[in-house]
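Put the complex together from the two separate chains, hints included.
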Amino acid sequence: MTRKNGWVAGLAAPVMIAVMLLSAGSPRVAAIDQGSAANAEVKIDNFVFGPQTLTVPVGATVTWTNKDDIPHTTVSTDGVFKSKVMDTDEKFSYTFTKAGTYSYFCSVHPKMTGKVVVQ
Amino acid sequence: MSSFFPTRGFLGTGATFAADINLVVQLIMGAALITGLVLAKQKRYQAHGICQTTVLLLNLLMIGLVMWPSFREQVRPSLRKVVHNWYYAAAAGHAVLGITAELLGLYIVIVAGTDILPLWLRFKHWKRWMQTELVLWFIVLVSGVGTYYVWYMAPVR
Numbered sequence: 001m002t003r004k005n006g007w008v009a010g011l012a013a014p015v016m017i018a019v020m021l022l023s024a025g026s027p028r029v030a031a032i033d034q035g036s037a038a039n040a041e042v043k044i045d046n047f048v049f050g051p052q053t054l055t056v057p058v059g060a061t062v063t064w065t066n067k068d069d070i071p072h073t074t075v076s077t078d079g080v081f082k083s084k085v086m087d088t089d090e091k092f093s094y095t096f097t098k099a100g101t102y103s104y105f106c107s108v109h110p111k112m113t114g115k116v117v118v119q
Numbered sequence: 120m121s122s123f124f125p126t127r128g129f130l131g132t133g134a135t136f137a138a139d140i141n142l143v144v145q146l147i148m149g150a151a152l153i154t155g156l157v158l159a160k161q162k163r164y165q166a167h168g169i170c171q172t173t174v175l176l177l178n179l180l181m182i183g184l185v186m187w188p189s190f191r192e193q194v195r196p197s198l199r200k201v202v203h204n205w206y207y208a209a210a211a212g213h214a215v216l217g218i219t220a221e222l223l224g225l226y227i228v229i230v231a232g233t234d235i236l237p238l239w240l241r242f243k244h245w246k247r248w249m250q251t252e253l254v255l256w257f258i259v260l261v262s263g264v265g266t267y268y269v270w271y272m273a274p275v276r
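Taken in sequence, the protein lines are chains Z and F.
If you read the first sequence in our numbering, its first letter stands for residue 1, the second for the next number, and so on.
If you read the second sequence in our numbering, its first letter stands for residue 120, the second for the next number, and so on.
Just chain F, same shape as in the assembly (with noise of 0.2 Å):
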């Protein structure tokens, strides 16, 4: 556990504040990516980029501080219980989900950014990519609240 962060979580539900403030900010960082599709919608593409890659770059900085030290610790010793058990699969999942999300991210985000890649590596179908991205990061962040779930509130009930 991160000990950036005090223990006790602030929502009440007998998450850690690291969990709690992690939730908050995906749940914000998926109203922004919500709005960074309506910048795209609207043809502001310079403020549709910063958004997008500001999401981009802080989930980065929460798989850092929060969702890594707490993978690393409870979910990798006992990856053998993976495929029965909730606790485990259900962290498993998103963490797979996760980080081919922000890995596909950052590669559309360096293809759009940048000239950094070869011509070769660099896609030409935009809207196909971003789209794909975004689905997956809403699946990433369902399963995230999921994982929440089955970790701090289905316990205590």
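Just chain Z, with the same shape it has in the complex (with noise of 0.2 Å):
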């Protein structure tokens, strides 16, 4: 190998690097627990929302805390509410007073999902 050939390929390594890890891909793995409470908690924990379905009676404040060491957030898809950055045990309320399913997802990692059931 030249030495021009050479430093093409050392800095085009980066770049399979990356090919590599983004082809490896992720597993999606989601169990989910069923909850049911007036006022209700969420626990963010090993980037699972838990328990990932919560059902509660119209009118009940569903609470998310964050006891993950990295920051979340809990964003509903409608838009109806939206929480900024959580750090570590940080929490977010909302009071639900409209029945309805609400789902919701970190938006700092969109593959965190859960539901709100408000009945």
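Calculated directly from the structure, the hints in this document are not laboratory data.
What you are looking at is a predicted structure, and each value in this text was computed from that prediction instead of being measured.
You may find that some hints are simply not true.
What the hints assert, rightly or not - With a straight-line Cα cutoff of 16 Å, these simulated EDC-like cross-link-like pairs (lysine to aspartate or glutamate) come out: (1) Z:Lys67 / Z:Asp87; (2) Z:Lys67 / Z:Glu41; (3) F:Lys200 / Z:Asp89; (4) Z:Lys82 / F:Glu192; (5) F:Lys200 / Z:Asp87; (6) Z:Lys67 / Z:Asp89; (7) F:Lys200 / Z:Asp69.
Claimed, not checked - Calculated from the model, a selection of chain Z residues having no Cβ within reach of chain F, i.e. all distances over 12 Å: (8) Asn39; (9) Ala40; (10) Lys43; (11) Gly59; (12) Phe81; (13) Lys98; (14) Thr101.
The beta-carbon is built from N, C-alpha and C at its ideal position, and this holds for glycine as well.
As structure tokens, then:
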């Protein structure tokens, strides 16, 4: 290999590393838990909202707590509620005044999803 | 997170759209810099200058649209965790290296393409400065790919 070719090969290495990482993909596993309460808690732990589906009565306040050591958010898919970025142990609460199903996700890690069913 | 972009990414890694588009643009820019290097070797200096300057300015745009907003929202409030959490350490290290590479690149472009700076602020050893910048840029690219992995891929494995 000539010196010039070695240079180009060395600079191309990061591109190849990135392509390999991306092609490795990632598993998608989601266990669905159920919960029900007037004022309910959702824990964010290890990149999972728990319980992932929560059933609450109209008027209930749901509080999300980030138990991870990295930041997360809670954002309604329909734009009904949106937390700021929550650091470890920070909380976000929202009171549901209308019946319906509210899907939400973490805007930092969009694979993290959850649902609040208000009856 | 920038509101310019939709939320969900398109690479299937669990990253945001902004992170995915930034990764793709950065990899394309890496390839463009290699092309620029080849142009310089072929003594096509004008094309080389246009190529490298375009990458530099496009990176500035990506910093403003994607990387800085993400850093400001997620890392800056938790800088105390940088020393014992890879999530923050990777991003902070990448930010320091990235800012250095961008500033050095801007300096090189200003010296190479304009007469703005006084003589005592201009360098003469072009090749050495540009090679240093190129190597630094690719170190930043590797650290950026590493940050993407730590933020979006490692947690969901």
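Inset, instruction - Could you tell me which of the numbered hints above are not met by this structure, giving the numbers in increasing order? - result: none
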